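Chains S and L, in that order, give the protein sequences.
Under the numbering used here, the first residue of the first sequence is numbered 3, with each subsequent residue one higher.
Under the numbering used here, the first residue of the second sequence is numbered 31, with each subsequent residue one higher.
Don't read these hints as lab results, they were simulated from the structure.
Please read all numbers here as calculations on a predicted model, not as lab measurements.
C-beta atoms are modelled at their ideal positions from N, C-alpha and C, and glycine is treated no differently.
Heads up, some of the hints might be wrong.
[What the hints assert, rightly or not] For the chain S half of the interface with chain L, some residues (derived, Cβ under 7 Å), not all of them:
1) M3
2) G102
3) P165
4) W167
5) M169
6) I173
7) F209
[Unchecked claim] Pair by pair, the computed Cβ-Cβ distance ranges are:
8) G213/S / L92/L: 39 to 47 Å
9) M84/L / F252/S: 28 to 36 Å
10) L334/L / H212/S: 43 to 51 Å
[What the hints assert, rightly or not] So these bits of chain S aren't anywhere near chain L, every CB distance computed over 10 Å:
11) F24
12) I108
13) A177
14) A180
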Amino acid sequence: MEGLSVGAAFLTLAPLALIFAFLLIRGASSVNLSFFTQLPKPVGEPGGGMANAIVGSLILIGMAACGGLPLGILGGIYMAESRDRRLPHAVRFLADVLNGVPSIVIGIFAYTIVVLPMRRFSALAGGVALGIIMLPIVLRTTEEMVRLVPASLREAALALGIPEWKMLLRIVLPAARAGIITGVMVAVARIAGETAPLLFTAFGNRFWQHGLDQPIAALPLQIFSYAISPFDDWHRQAWAGALILIAAIFLATLVVRFVTKGRYQGVR
Amino acid sequence: MPEVALPRLDHASRRHRHWGDHVFRLLARCAALSLLGLVVTLVLVMGRAALPSMRAFGWRFLVTSTWDPVAEVFGVLPLIYGTIVSSMLALLLAVPLGLGAAIFLAELAPFWIRPPIAFLIELLAAVPSVVYGLWGIFVLAPFLRDWIQPTLGASLGFLPLFQGPPYGIGMLAAGVILAIMILPFIVAVSREVLLAVPNTQREAALALGATRWEATHVAVLRYGKSGLIGAILLGLGRAIGETMAVTMVIGNRPEISLSLFAPGYTMASMIANEFTEATSDLYLSALIEVGLLLFVVTVVVNALARLLVWSVGGPVQRGRE
């Protein structure tokens, strides 16, 4: 019986090893400088890269963070500090609800509130969708990290006569800074790989975009459209793009794990 | 002279907060309320957009099988069937493996090996859906097509489950990919549930002469049963909403078929495939209604799961999922 359990644990890890192995085998040879610097070539021509997709993903993450970070961090501070009775519970519950909503449904929501009024697909809509996905993650981690700041720190500040808002912004927040940053990185790692909400908000673009109200390319979108295409060259590029995407996400996850190891025991 | 708000000793000092406090409290409360507003707006906006389809089809939407954009007749029974079958298959594969791995991590493994293995299993959760789909199309599907499906068809082909040509792509591939994707969640939550079981239970069983497996089985698993069911439900909630990997390997055929080898369709993958192709308002409204259905189902499953997980040893804080 115990052997079964051990076997189960290692069988669980097998797909991870397989996926990473195949990504390296099929994708590593296609990752070169032109992959990072060139635009996609027209269908049928070999070569080309995913420069616009990589930059597009970064732009979308930046836009998502513009909305998601301030709201999430402020909201997290509210949740940790407020003495209201019912609102924090409601917000906590709804944050968990929002976390569990499939990302494609959030894409539909962003479509109806941004794409339909603007009458075009845009980077803005994609940023809104990703920001909505990011918000509950940042909010909950900020709340947990702010709670971890010792009460003695706050009491010392208040005893010195510092107003509460200054105490929160200048003393508590910097004390929780490392944890909040890791929470943000977890959220960014999550939205970097999201494809479904971008399918009909950012829509994808084979060229550089000329403004945030235009469709924009994103790395997961490009991987998706190349993977389901009938061209071998595009398949090769899809593997390369996937390798880069996973490398970035794993790097972020590793850094988060390394920073929080031992400092915030039992809290994720 | 630094800004200091000296507390006044003759009144309740609460009344004389710094003006900055009021501003900050307002801002923070608005930020938290924005989340509330977001969820409420989501339900209202999607409900309103789905209303034309709901009015046109009513309950027939959920129980008929015709999906005909040209004649504008929409019924999603094959989608519901596909979502349920692929999720159930994923659970069938992932639950034994996940529980086994969780028992290993929580009970049996030497302490030094637990953190690295737990970390590696969490890495599985960090892999984006689209990468799973890519791997599924080019690695898993050919493997199923060339090795697994012919073997299953030859040995168990009398069952309607394993009949039909081995495409590789199809319900079986979707189930396997979903199983891999929900494994880390089942392992993580089950492990925390098992760790929350008080040690006295294990010690009591061991004191009565149980072997290690018997102690785990009788004392720990039974005590944490509701929490483990909650973990399974959480995995189900994830599987239902999973879009990209399923879209890439399920074959996209909106028909009900008993065989696992056949292509199928799920609610999420239909939205992904057809949303940008919707040619009429009613078509779009029908797709949004599918999205609303997906939303309701996942919220219910997740809420139930959380309730069950909390019932074992207090709230289990999950900052990630």
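Here is how each hint holds up against the structure:
Taken as an interface hint, M3/S checks out: its beta carbon lies about 4 Å from the nearest beta carbon of chain L, inside 7 Å. With a least beta-carbon distance of about 4 Å to chain L, the hint placing G102/S at the interface is held under the 7 Å criterion. Residue-level restraint check for P165/S holds (minimum Cβ-Cβ distance to chain L is 4 Å; threshold 7 Å). The closest approach between the C-beta of W167/S and any C-beta of chain L is roughly 4 Å, which is under the 7 Å cut-off, so the hint is satisfied.
Given hint, M169/S at the interface with chain L, is violated; its Cβ is 10 Å from that chain's nearest Cβ, farther than 7 Å. Hint on I173/S is violated. Least Cβ distance to chain L is approximately 13 Å, over the 7 Å limit. Look at F209/S: its Cβ only gets to about 18 Å from chain L, farther than 7 Å, so that hint breaks. Judged by the Cβ atoms, the range 39 to 47 Å given for G213/S and L92/L holds: they are separated by roughly 42 Å.
Checked against the hint of 28 to 36 Å, the pair M84/L and F252/S fails, with Cβ atoms roughly 43 Å apart. About 47 Å separates the C-beta atoms of L334/L and H212/S, a value consistent with the hinted range of 43 to 51 Å. In this structure F24/S is not separated from chain L by more than 10 Å, as the shortest Cβ-Cβ distance comes to only about 5 Å. Against chain L, the non-interface label of I108/S is violated: not every CB pair exceeds 10 Å, the least being about 8 Å.
No Cβ of chain L comes within 10 Å of the Cβ of A177/S; the nearest lies about 17 Å off, and the non-interface call holds. The beta carbon of A180/S sits about 15 Å from the closest Cβ of chain L, which is more than 10 Å, so the claim that it is off the interface holds.
Violated hints for the displayed structure, listed by number in ascending order: 5, 6, 7, 9, 11, 12.
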